[in-house]
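Chemist: Work out the full structure: start from the sequences and follow the hints.
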Amino acid sequence: MAGGEKKKSGGGGKKKEVKKETGLGLSFTKDENFGEWYSEVVVNGEMIEYYDISGCYILRPWAMSIWENMQTFFDAEIKKMKVKNCYFPLFVSPGVLQKEKDHIEGFAPEVAWVTKSGESDLEVPIAIRPTSETVMYPYYSKWIRGHRDLPLKLNQWCNVVRWEFSNPTPFIRSREFLWQEGHTAFATKEEADTEVLQILELYRHIYEEFLAIPVTKGRKSELEKFAGGLYTTSVEAFIPNTGRGIQGATSHCLGQNFAKMFEINFENEKGEKSMVWQNSWAYSTRTIGVMVMVHGDNKGLVLPPKVSALQVIVIPVPYKDADTQGIFDACAATVVTLSDAGIRAEADLRENYSPGWKYSNWEMKGVPLRIEIGPRDLANNQVRAVRRDNGEKTDISRVFLVEQVKGMLDKIQQNLFDVAKQKRDACIEVVKTWDEFVKALGQKKLILAPWCDEEEVEKDVKARTRGEMGAAKSLCTPFEQPELPDGTKCFASGKPAKKWTYWGRSY
Amino acid sequence: MVSSLRLPALTSLISPSFTRRSTVSLRRRLHLRPPLAAGFSAQSAASSPTETEDRVDSKKSGRVQDRGSTDRVITPRSQDFNAWYIDVIANAELADYGPVRGTMVIRPYGYAMWEAIQDYLNVKFKETGHSNMYFPQFIPYSFIEKEASHVEGFSPELALVTIGGGKELEEKLVVRPTSETIVNHMFTQWIHSYRDLPLMINQWANVTRWEMRTKPFVRTLEFLWQEGHTAHATLEEAEKEALQMIDVYTKFAYEQAAIPVIAGRKSKVETFAGADKTYTIEAMMGDRKALQAGTSHNLGQNFSRAFGTQFTDENGLRQHVWQTSWAISTRFVGGIIMTHGDDAGLMLPPRIAPIQVVIVPIWKKVDEKTGVLDAASSVAETLKNAGLKVKLDDTDQRTPGWKFNFWEMKGVPLRIEIGPRDVSSGSVVISRRDIPGKQGKVFGISMEPSILEAYVKDRLDEIQSSLLQRAISFRDSNIVDVSSYEELKEAISLGKWARGPWSASDADELRIKEETGATIRCFPFEQPQGTKACLMTGKPADEVAIFAKSY
Chain P
1 MAGGEKKKSG GGGKKKEVKK ETGLGLSFTK DENFGEWYSE VVVNGEMIEY
51 YDISGCYILR PWAMSIWENM QTFFDAEIKK MKVKNCYFPL FVSPGVLQKE
101 KDHIEGFAPE VAWVTKSGES DLEVPIAIRP TSETVMYPYY SKWIRGHRDL
151 PLKLNQWCNV VRWEFSNPTP FIRSREFLWQ EGHTAFATKE EADTEVLQIL
201 ELYRHIYEEF LAIPVTKGRK SELEKFAGGL YTTSVEAFIP NTGRGIQGAT
251 SHCLGQNFAK MFEINFENEK GEKSMVWQNS WAYSTRTIGV MVMVHGDNKG
301 LVLPPKVSAL QVIVIPVPYK DADTQGIFDA CAATVVTLSD AGIRAEADLR
351 ENYSPGWKYS NWEMKGVPLR IEIGPRDLAN NQVRAVRRDN GEKTDISRVF
401 LVEQVKGMLD KIQQNLFDVA KQKRDACIEV VKTWDEFVKA LGQKKLILAP
451 WCDEEEVEKD VKARTRGEMG AAKSLCTPFE QPELPDGTKC FASGKPAKKW
501 TYWGRSY
Chain H
1 MVSSLRLPAL TSLISPSFTR RSTVSLRRRL HLRPPLAAGF SAQSAASSPT
51 ETEDRVDSKK SGRVQDRGST DRVITPRSQD FNAWYIDVIA NAELADYGPV
101 RGTMVIRPYG YAMWEAIQDY LNVKFKETGH SNMYFPQFIP YSFIEKEASH
151 VEGFSPELAL VTIGGGKELE EKLVVRPTSE TIVNHMFTQW IHSYRDLPLM
201 INQWANVTRW EMRTKPFVRT LEFLWQEGHT AHATLEEAEK EALQMIDVYT
251 KFAYEQAAIP VIAGRKSKVE TFAGADKTYT IEAMMGDRKA LQAGTSHNLG
301 QNFSRAFGTQ FTDENGLRQH VWQTSWAIST RFVGGIIMTH GDDAGLMLPP
351 RIAPIQVVIV PIWKKVDEKT GVLDAASSVA ETLKNAGLKV KLDDTDQRTP
401 GWKFNFWEMK GVPLRIEIGP RDVSSGSVVI SRRDIPGKQG KVFGISMEPS
451 ILEAYVKDRL DEIQSSLLQR AISFRDSNIV DVSSYEELKE AISLGKWARG
501 PWSASDADEL RIKEETGATI RCFPFEQPQG TKACLMTGKP ADEVAIFAKS
551 Y
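Order-wise, the sequence lines are chains P and H.
Under UniProt numbering, the residues of the first sequence are numbered 1 to 507, in order.
Under UniProt numbering, the residues of the second sequence are numbered 1 to 551, in order.
Mixed in with the good hints, there may be bad ones.
[What the hints assert, rightly or not] Output of the computed footprint for chain P on chain H, the stretches with three or more beta carbons under 8 Å from beta carbons of chain P:
hint, region
1, 93–99
2, 172–181
[As the list claims (entries may be wrong)] Derived DEER-like restraints, expressed as beta-carbon distance ranges:
hint, chain 1, residue 1, chain 2, residue 2, range
3, H, Glu170, P, Met469, 26 to 34 Å
4, P, Phe400, H, Ser142, 41 to 49 Å
5, P, Ser27, H, Trp190, 14 to 22 Å
6, P, Lys489, H, Glu170, 49 to 57 Å
7, H, Leu317, P, Lys79, 49 to 57 Å
8, H, Glu381, P, Lys495, 56 to 64 Å
Hints in this document: simulated from the structure, not taken from any laboratory.
Predicted, not measured: the structure shown is a model, and the values here were computed from it.
Heads up, the beta-carbon is just placed ideally off N, CA and C, and yes, glycines get one too.
Modeler: The structure is reproduced here in structure tokens:
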């Protein structure tokens, strides 16, 4: 429970309507009721509001600012790669949507259809984009003529809609979500291959450096790859509490399949007609959900400093006869000093809440660092800093405030990653046989197993593990491969293994 | 670069995927697509400025000829404004028609203008205390019905989703035309006491209005916008907020987009469905039609009463909140195009331009090429480091003369030319987009970084203010003060804006619309002093109104 109760000291000079210190904590714990805990923490942390339409959620400013912080980074990076932003329509005509057969088989069951405008029925129902390949590529066909038109690198930030019926979960699986989708076309496969990995590295950066979440870069199996593409790479995260893998972001090489369907041809330098090589890549607001799941605790959200809207919350702790005004002034001055140094800081000077209530409130919202200023701190020209990630308390002199706070924020960022990595790594289990596999799956492990890389075998694994918890599937084949000794057998088929692949249940 | 002539016949764009559609819908689509290709090819290359020929022997250089095309040309603005607008959008690669009737693909060059708008406004919104968030795109139909005048205003334009995931939905869902209803639904849950107020949020989103008559940027089925929504404890605060935001828009229009909008209040007839008061910025386009470029609404308690959005005030009494909403959309991009363009194409204000300076290197002999390109790159680097948006057009596929025309058509404010003589003298030639011909061209500007940077920045500032001044003169010379309906009719028939005292009825206002096609654009905030008599009734009038035909 959020621990506001103990410090009864506060309350400020005028106790007008000090709120009863109840209803702030979480009623579920992360270890015992993960699902309920998650639903509660995203709401109480003011990230999400549930809405009357199932699977649609409201992204509140606290979540939106995290999205914006990631966006600022990613948008600048892709612009350096000469990717340009644009915007394609939300509406897809059915003809175009059906053009790529494998692709539509993947998405058709999830499409939402506009059938009426006002009172009148549309002649042809119009689909709402589940992704934009089929919206964009007719234009690529139109815009690309010669090799000088290549590469064509476009990106858009937008919403997409997938009308799924499986259990909706805020951020993780919602019927509408925000994302960026990049779509690029090249003259050669080499260029496309290179870009796939460049983008994947940016996704790794977002997860590991911004969200402090360890991810594995790898390649998806044939069964799990993007419908209609050549191959799919992804960054895969893992949620230890549920023992489920989660696809963090994907960077696809589409090969020439779409180019063929949409007739995206160009004349090469020799004057010959060729088809382009294409990529598409995306990350979505799902990132935020993964962050909540990995770092959150029983007090609420825990936000990495790099993405948090607020990095430091300053709280006055006045005592009855103390110099209240002096304390409030010190708080305001602290915020100014930190803000001038580029640190996102605010003071909570509300008079109708006690300091203890505020502590719990900001812990729930996951602000990385809390600074308390009371009479003793004022007298010693110091502040007390309390870390959200481990509760560590440090008194720091106001003389060295900026350096110290910056140092602590860096440590928090690093510590969140280290702890998450430690927990993730502790879940990795190397197995070699089916029995070991089944056992590890039962223990919610992230399983690394030698595999023959055959589609039928993966289907078989799915079939054999189907149950209440959902079937196991391949998560990815990591780029970093442990040594595979000759004669190693596939864990599932007993055939010669070709590679090490991560397996598990997934979101 | 995509040549205009490479636009395939329109039918070929749609044919493969649309063969299954009925011919009726095909006709509707085609009807919305003006004959783009005809526009480019029918014109001669007449607009190429002669002095480029002095410096550049464009066609004899022995380099690869332009790919089967002559210079792209757009319909002169003076000849046919609408055709010019459509040509500019296609040739400057601002947008393309979408796959569904009335939708639009915003291409990178057009989207970068929208990003310039976003970058400026997003900062201003945050400075004025607003937070960004995101509401779902789908709204249950029952929400829309709650505020009576709102549903009446929007219902014919609503796109409705009735099928999702292969199943008929229990309740039909509206693809948001605007978000007041869903915002209020949530505000009701977030607002409890006066301490929760003011609540001030904004979202950047797409919205859908199933319009029958569409025009790229100006009116499309789906468009991008920001919508601000706020809730306040008092009417005064809400009014102050609504005025503050129209002021933010006005400053943006003047200072960034160089569009001298007239800010004012809408008449009752033209007020937003569900608002008490609508404030607007009205811009005069190059064809003198008015464009409503941004609006800010004082919603009063209309939505809070419909949704029961209440708070407990300091005295413990339950009160309905007072609200505002305000928006600017991708329509504004259309406004920029139609305010500043000329016969040669786009003319972009430097603060909005995706490319502020284009550098065109000029060489004839192979041994000159390296020196010229090196100098051009270092000039580009200098200016980029100074924070300017620079494009170095070093392709050898096009002649310098072609490039001059092309970048003029794209509206780039400044062009820097560097030839072998310039390299040896350590100087460049700089031409302004807003001043055609020799007058706008200055020779011998030093390449020395500090001198060049200062010179370029000064010129860009000059262009920015000169575009605004020009637009102000144009606007002011096209507004006529009228004191009778006859005078109003005459002014409107001449294509001008009519400004006159007004205190007549809504019915009279509608009659004017019927008879002249003009509507009250606004009662401008800036009002003349003295007593006035209504142009229609002769009765005393407190205010003058501006009448005009509009987009």
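Chemist: For each hint, tell me whether it holds in the structure or not.
Modeler: These are the hints, each one checked on the structure:
With a threshold of 8 Å between beta carbons, the proposed coverage of the region 93–99 of chain H by chain P holds, since 3 of its residues qualify and at least three are required. For a cut-off of 8 Å, the count of residues in the region 172–181 of chain H with a CB near a CB of chain P stands at 3, and the three-residue condition holds. Between glutamate 170/H and methionine 469/P the beta carbons are some 30 Å apart, a value that agrees with the proposed interval 26 to 34 Å. The given range of 41 to 49 Å is broken by phenylalanine 400/P and serine 142/H, whose C-beta atoms sit roughly 58 Å from each other.
For the hinted restraint 14 to 22 Å between serine 27/P and tryptophan 190/H, the CB-CB distance of approximately 21 Å keeps it satisfied. Restraint check, lysine 489/P to glutamate 170/H: a C-beta distance of roughly 52 Å satisfies the suggested window 49 to 57 Å. Between leucine 317/H and lysine 79/P, the C-beta spacing of about 53 Å keeps the proposed range 49 to 57 Å intact. Checked against the hint of 56 to 64 Å, the C-beta distance between glutamate 381/H and lysine 495/P comes to roughly 58 Å, which is consistent with it.
Of the numbered hints given earlier, the model fails hint 4 alone.
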